[in-house]
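This is what each chain is made of:
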Amino acid sequence: MTTLAITLPLTNVSPLYIPRRDLVLSSADSLTLAVTVLTTDDTDAAAIHVVEDGWALRMAVWRDASGAHSWWGWDYGHPCFDKRELLWTGDGVPTAVFGQFSILIPPATMHDWPRRCGFSIALTSFDGGEIDTLCRGTLQVRRAVDGGVAVGIGTIVAAPPPPPPTVGPVVEDPFILNRSQLSMGFQLGGGGATRGMPGGTGSPIIVLNVSRLNGPGRL
Amino acid sequence: MTVTVEQLAERALRRLGVAIVPVALRPALVTVVPADDLATRALVALTVIASDETPSATDQALALSKVQAVHDGMVAQGYVSWTADAVPQAASEEYTLLAALHLAQAFGKAGDPSQQPVIEARVRKIALLLGEPDHAAGVVRDVHMNLAARGLVRWSLDDIPPAAEDPYVMMACSNMAPEYGLPEIKGDNEQAMRAFAQIIALPSSGERTPAEYF
Chain A
1 MTTLAITLPL
11 TNVSPLYIPR
21 RDLVLSSADS
31 LTLAVTVLTT
41 DDTDAAAIHV
51 VEDGWALRMA
61 VWRDASGAHS
71 WWGWDYGHPC
81 FDKRELLWTG
91 DGVPTAVFGQ
101 FSILIPPATM
111 HDWPRRCGFS
121 IALTSFDGGE
131 IDTLCRGTLQ
141 VRRAVDGGVA
151 VGIGTIVAAP
161 PPPPPTVGPV
171 VEDPFILNRS
181 QLSMGFQLGG
191 GGATRGMPGG
201 TGSPIIVLNV
211 SRLNGPGRL
Chain B
1 MTVTVEQLAE
11 RALRRLGVAI
21 VPVALRPALV
31 TVVPADDLAT
41 RALVALTVIA
51 SDETPSATDQ
61 ALALSKVQAV
71 HDGMVAQGYV
81 SWTADAVPQA
91 ASEEYTLLAA
101 LHLAQAFGKA
111 GDPSQQPVIE
121 ARVRKIALLL
131 GEPDHAAGVV
141 RDVHMNLAAR
151 GLVRWSLDDI
161 PPAAEDPYVM
171 MACSNMAPEY
181 GLPEIKGDNE
191 QAMRAFAQII
201 ALPSSGERTP
211 AEYF
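One line per chain: the protein sequences are A and B, in this order. Numbering of the first sequence is given in my numbering, commencing with residue 1 and proceeding in unit increments. Numbering of the second sequence is given in my numbering, commencing with residue 1 and proceeding in unit increments.
Pulled out of the complex, with its shape left as it was, chain A reads as follows:
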């Protein structure tokens, strides 16, 4: 489960650019994309208010590169990704956060997608009369083999922060071993091409085996 959050302004900073957001995902991933739409790209900008019968947020993914047989996509010597075959669309579901939508790409959806896709996120009016592209970008799908769905997985939560260090008397680590609890053995072997070892080639390597006599421990 990949969760990404992006913020998109409704009004572009420049008329020359549509805001660009690129994504690199694994083909085994599912993706939850939290999209927050603000009126402008400013820190005091208001989030947009979506009324029920007004606008919807839609993500579209298309095949961007034309693949191995790409002889059609030429534009004056530059590779032109001209297939634009629609692969997937998904609508954003408004969340409890003002101006935020959640778009879910379910597991296994990206398995068959090409390695390079294009995507856009647009506000579309319900009647289809108006479309406002909020961002576009490249979606790179890295090849991955998933191990199937695991059984019995629990809910993923953030681990609680570690407790603050306490200041107090130093307590002896029960796993610290003293000399009498150890047995040691030496193994001599040919040095070979060991770098950084004194003596050069042919000097013996000493392997120190340490084990605890009264049970497993650590040094």
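If you're looking for bench data, these hints aren't it; they were derived computationally from the structure.
Residues from chain B that face chain A, not an exhaustive set, calculated with beta carbons under 7 Å:
# : residue
1 : A148
2 : A149
3 : G151
4 : R154
5 : L157
6 : L202
Positions of the beta carbon are idealized from the N, C-alpha and C atoms, including for glycine.
Assemble chain B onto chain A, guided by the hints.
Frame of chain A; chain B shown alone:
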């Protein structure tokens, strides 16, 4: 939680050595001093009156006119935004010294005119710093807008990735340094632009990119 524009602005000011302590950790400066008080203080500074005496009406009027002249001079130079009756206490000592400097001759005292530009420079710096947090945040916004207008960002001001924070600070420093009479830190802009280019560079998709040779 991404960094705010204000935090980036404070880091830029700290990097320049202009404001070492963040605004949130500084006590708020809200006390202002009226022109009348400054005039009286100037007369005390010149030892025309003792600190526990009340000046004569004419002396006070003369001193007040000098304070007003000093203030108008500051406004004319574009240094200050406050009024003569609401001079921040942080700048009150400088106003008093300047007024005393101009009054000295009238009371047969010697003043050192060479001190005027030094004291005025202090007022300028105080005025700059008092309005600095907002101004520096504006500079960071300008940096962002500039990058966005060139198609060089993949984020908004609300989700600046941690990796891009330092380049923002460096570019803001570079833009603000001349305002404080500081030299631009050499190579900052170039290093920041290189960092931005690296941050937004996509890894290769592995997709074959055909090329045509003529």
